[in-house]
Amino acid sequence: DAGVIQSPRHEVTEMGQEVTLRCKPISGHDYLFWYRQTMMRGLELLIYFNNNVPIDDSGMPEDRFSAKMPNASFSTLKIQPSEPRDSAVYFCASSGQENTEAFFGQGTRLTVV
Amino acid sequence: GQQVMQIPQYQHVQEGEDFTTYCNSSTTLSNIQWYKQRPGGHPVFLIQLVKSGEVKKQKRLTFQFGEAKKNSSLHITATQTTDVGTYFCAGPTSGTYKYIFGTGTRLKVLA
Chain L
1 DAGVIQSPRH EVTEMGQEVT LRCKPISGHD YLFWYRQTMM RGLELLIYFN
51 NNVPIDDSGM PEDRFSAKMP NASFSTLKIQ PSEPRDSAVY FCASSGQENT
101 EAFFGQGTRL TVV
Chain R
1 GQQVMQIPQY QHVQEGEDFT TYCNSSTTLS NIQWYKQRPG GHPVFLIQLV
51 KSGEVKKQKR LTFQFGEAKK NSSLHITATQ TTDVGTYFCA GPTSGTYKYI
101 FGTGTRLKVL A
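Residue numbers (the numbering used here), protein chains in the order written: chain L, 1 to 113; chain R, 1 to 111.
One chain only, chain R, in its complex shape (with noise of 0.2 Å):
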């Protein structure tokens, strides 16, 4: 079946340093959707991204879909306190709207 696999699975990094994750998955995917998660809390939705290539900007945050719409990256620009959390990526399995998540990178940030 349908795999995500997010590496790396945790990430210390000194506030201020920046951070990325990346997605990818075992088929081509109609979309991706990136997900936060604060410790002890539920997934919260990031963004979306639909087009082969497609590069998003939430202020810190760029989101990038792959040309073969296989991977995505999230890349985080001089990290905060407030960024702590796990990272998930979901795409949803050929021909239904059964998201797949990812396996999640866990990032810490030292203050």
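Next comes chain L alone, as it looks inside the complex (with noise of 0.2 Å):
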């Protein structure tokens, strides 16, 4: 298996556009994970997914953020409008079961500029 596979790895964008990150989890994982990474706030859980439902968005900061998971191969997190403070770099993980280890994407940094 190739891993959980994000994209874009970069992406810059002007504020006020909306942003679209994507993420393929392994196959045969029932939970995704998506988390943030900055400086300042460490690495943050903003929401994650069992058998593509949204069990916890607790960690969603704004209405701006939005993420979804219409088929189990395949989950977005989208940014509308984006604003200077979300640059961060973007985690996407899958697990297979409940309570064992995350398997962490490459990420993508993003900068809004």
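There may be inaccurate statements among the hints.
[Stated by the list, open to error] Part of the chain R face toward chain L, derived, beta carbon under 10 Å:
| hint | residue |
| --- | --- |
| 1 | 22 |
| 2 | 37 |
| 3 | 39 |
| 4 | 43 |
| 5 | 84 |
| 6 | 93 |
[Unchecked claim] With a cut-off of at most 20 Å between alpha-carbon atoms, the simulated EDC-like pairs for lysine to aspartate or glutamate come out as follows:
| hint | chain 1 | residue 1 | chain 2 | residue 2 |
| --- | --- | --- | --- | --- |
| 7 | R | 51 | L | 57 |
| 8 | R | 98 | L | 18 |
| 9 | R | 36 | L | 101 |
| 10 | R | 98 | L | 11 |
| 11 | R | 56 | L | 101 |
| 12 | R | 36 | R | 17 |
| 13 | R | 98 | L | 57 |
No wet-lab data here; the hints were simulated from the structure. For every residue, glycine included, the Cβ atom is placed at its ideal position computed from N, Cα and C.
Given two chains presented individually in distinct reference frames, assemble the corresponding complex, making use of the accompanying hints.
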């Protein structure tokens, strides 16, 4: 398996634009997580899905953020409109079962100017 | 809400010296996981501890889970330059599968 695949790897966008980050989890994994990493706030869990259903989105910072998982092999995290303070590395991770290791993707480095 | 703190925040050691990072949770944890993130990389799972007082070893790395299941430690014996990175602990919020990551300890090893 190629592991968790995220795209794009880098994204530079202007303030106010819509940004869509994509994730393909490891095949057969039932759990999918979106994390955000910044120097100031560390690694924050934004939302996680189980069997394509959002379970906990309490970490989503604002209504500008939304996440979907239309099927078991694809998830998106959308920011609309984007702001400079959204600049961070966004990681997607997947896990096969409850309370087991999470496999992280390479991350998307987002810069909003 | 639940908080997971790690100390120290940074550690510089000479190659060959030992290193320890400590993880403290504000709540009791059902289990704790440790991850390593190389500079510019992504977190990579190292180990999971479940039992109170559990100790596990991986070559030069020793992981311990506290008796009260609120703290944990990672000890590296005789550090090498390949140990460079940030080490995170992570524990689930009670009754959920929502893992909260610690603040991390960034290790630099000087050759």
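Violated hints, by number in ascending order, as checked against the structure
1, 3, 5, 7, 8, 10
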